[in-house]
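*Asks:* For reference, the chains in residue letters:
There are 2 protein chains.
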Amino acid sequence: MTEPETEARKARARAWFESLRDRICSAFEAIEDELTDGPFAHLPPGRFERKSWERSEANGGGGVMGIMRGRVFEKVGVNVSTVEGQLEPAFAKQFDGVGEDRRFWASGISLVAHMRSPKIPAVHMNTRHFSAAKKWFGGGADLNPMVEVPEDTKDFHNRLKVACDAHDPDYFPRFKKWCDEYFFIPHRGEARGVGGIFYDHLDAGGDTFEPGFAFTRDVGEAFLEIYPKIVRRHLHESWTDADRKHQLFRRGRYAEFNLVYDRGTTFGLKTGGNVEAILMSLPPEAAWP
Amino acid sequence: MTEPETEARKARARAWFESLRDRICSAFEAIEDELTDGPFAHLPPGRFERKSWERSEANGGGGVMGIMRGRVFEKVGVNVSTVEGQLEPAFAKQFDGVGEDRRFWASGISLVAHMRSPKIPAVHMNTRHFSAAKKWFGGGADLNPMVEVPEDTKDFHNRLKVACDAHDPDYFPRFKKWCDEYFFIPHRGEARGVGGIFYDHLDAGGDTFEPGFAFTRDVGEAFLEIYPKIVRRHLHESWTDADRKHQLFRRGRYAEFNLVYDRGTTFGLKTGGNVEAILMSLPPEAAWP
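Chains as they are written, first to last, in my numbering: chain A, 213 to 501; chain B, 213 to 501.
If you are wondering where the hints come from, they were derived from the structure by calculation, not from laboratory data. In this text, all values refer to a predicted model and were calculated from it rather than measured experimentally. Treat the hints with care, as some may be off.
Treat identical chains as interchangeable: a pair holds within one or across any two.
To be verified - Calculated cross-link-like contacts (lysine-lysine; reagent style DSS-like; alpha-carbon spacing at most 30 Å):
hint, residue 1, residue 2
1, K457, K482
2, K346, K222
3, K366, K389
Please construct the entire structure, taking both the sequences and the accompanying hints into account.
*Replies:* Now the structure itself:
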C-alpha cells in the first residue's frame with residue numbers, strides 16, 4: 213500500500229464510524245419522541261449532548277463523547293474517537309501488529325445503553341479500525357437483558373448472524389463463542405449478558421481491507437436495525453419495583469465486569485485514557501444489595 | 213519459637229479478632245436501637261445476620277460473614293476469617309515471608325459500613341495476623357465521608373494517633389501517609405476518602421509479637437470508640453435528595469477503587485476467594501450519573 217492509499221482508507225473508516233454515530237443518535241432520539249405512557253412519559257424527550265476532547269500528550273487525536281439522559285434511555289453514551297501516536301515500548305510488546313517504530317492509528321465507535329425500563333435490555337456495541345504495521349478491524353455487539361426474553365435474544369443473535377453469514381459462514385459461530393468467552397464474569401461463574409458477537413484482529417491489510425470494512429459496516433447496520441426494534445417491542449410495558457431492584461442488581465454485575473475484567477476499561481484507566489469517555493459505560497445507578 | 217508457642221499466639225490473635233467483631237456488632241446494633249427520627253425511623257432496628265463459610269479446596273479454614281441491613285447502617289459487613297494452607301508457587305513469590313514450604317496461616321477482621329444518611333461517613337477497618345516463615349500484623353482504618361466534616365476527620369485521625377503514639381511516635385505519620393497513598397484513585401486523581409492509617413508487614417516474629425499484637429488491639433479499640441461517636445454525632449441530622457444523590461455518586465468512586473485497585477479485592481476475586489465475603493464491601497446502591 214502506498215501512503216496515500218492507506219490514508220484514504222483511514223479517512224473512510226473514520227467517516228463511517230462518525231456517520232454510524234449520527235444515525236444511531238437520530239434513531240435513539242426518535243424512540244425518545246415515541247414514548248406516550250409510563251412513569252417517565254411526563255419528562256421531555258432526551259437529546260444527545262456532545263462534548264469533544266483532545267489527547268493532551270504528545271500523541272495526537274481525540275474524540276467526541278455523545279451522552280443522552282432521556283426518558284427511555286436512562287443513560288446512553290455513544291463515543292467516537294480517532295487517536296494516533298507511538299505506543300510506549302512496554303505496551304507495544306503486548307500489542308501484536310505494531311511495528312518497530314511503534315506508531316499506530318486507531319478509530320472507532322463505542323456505545324453502551326442503560327435503559328430506564330427493566331423490561332428493555334441494556335446493550336453494548338463497539339467497532340474499530342486499527343492501522344499500524346498491521347491493520348485490522350475489531351468489534352462486536354452484545355445484549356444485556358435484566359430478565360432474559362428468549363425472543364429478544366433470538367432476534368438479536370439472528371440479525372448478527374445474517375450480517376456474519378453474508379461474509380463468511382464461519383464468522384457467526386466463531387464470533388458468538390468469542391463473545392460468550394469474553395463477556396464472562398469468572399468470580400461469579402456467570403455471563404454478563406446473553407452475548408452476541410465479538411471479533412478482533414480481523415485482517416485489514418492489503419487486499420483484505422475492503423471485505424473487513426464491509427463486514428464491520430454490516431455489523432453496524434445490523435445493530436442499528438435490531439436494537440431499536442427490541443426497544444420498541446417493550447417500550448410501553450409496565451414494570452414493578454421488584455423489576456427495578458433486579459435491574460439495579462444486574463447492573464452491579466455489569467459494573468463488576470467492566471471494572472475488573474474489561475480490557476479496554478482497565479487498560480485505558482491505567483494508561484491515562486480519557487476517563488470520562490471510558491467510564492461512560494458504567495450504569496447510572498447500580499446496587500449490591 | 214516452639215510450635216506450641218506459635219500455636220498459642222495464633223489462637224490468641226484469632227480470639228481477639230472474634231471478640232472485637234462481637235463488640236463492634238453490639239455497638240452498631242445499639243446505635244440501630246437509638247434512632248428516633250428521620251425517614252427510616254419507622255423501620256425495625258437492624259440486627260446482624262451471620263453466615264459461616266468454609267474453604268472448599270485442600271486448604272483449610274473459613275470464616276463468618278456478619279451483615280446487617282439496618283435503618284442507620286444501610287449495609288454493613290463485618291467478616292472474620294481464619295485460613296491456612298500452602299500458597300501456589302506463583303503467588304508465594306509475590307508474598308514476602310512465605311518460606312520454602314509455602315505454608316501460611318492468616319486470621320483477621322474486615323469491616324465496611326455504608327450508611328443510609330449522607331451526613332454519616334462510610335468507614336472501612338481491617339486488621340489481620342499473618343503467620344508463616346515470617347509473622348506480621350497489618351491493617352488500618354479509613355473514613356469515607358460523603359461531604360467532609362472537618363471535625364469528624366480530625367477526631368478520627370486524632371483517636372488513631374493516640375493509639376499509634378502509645379507504641380511508636382513514628383507510627384502515626386508513617387501509617388497516615390501510607391493510608392493516603394494506598395486509598396487513592398489514580399484515574400480520578402482523587403483520594404477515596406479522608407484517610408486514617410494503613411500498616412502492613414509489622415513484624416510479629418520472636419519478641420516482636422507482643423508489641424505488634426498490642427498495637428493491633430489498640431487500633432481496634434480506637435476504631436470501636438471513635439466511629440460510633442461520629443455516627444451518633446450525625447444520627448438525627450436531616451438530609452436532602454441532593455445529599456443522597458451526592459452520596460450515591462461518592463459510592464460509585466468507592467466501588468471503582470475497590471474493583472480496579474484494591475489488592476485484597478482483585479487478588480481475592482482472581483484466586484478463588486469467597487466472593488460474597490470479598491464483595492460485601494460494595495455499596496448497597498451507587499451511581500455514575
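*Asks:* The structure should be examined with respect to each hint, and the outcome stated for every one.
*Replies:* Hints and how they fare:
no.	hint	verdict
1	K457 / K482	between (32 Å within a copy, 28 Å between copies)
2	K346 / K222	within (13 Å within a copy, 57 Å between copies)
3	K366 / K389	within (15 Å within a copy, 54 Å between copies)
The earlier numbered hints are all upheld by this structure, with none contradicted.
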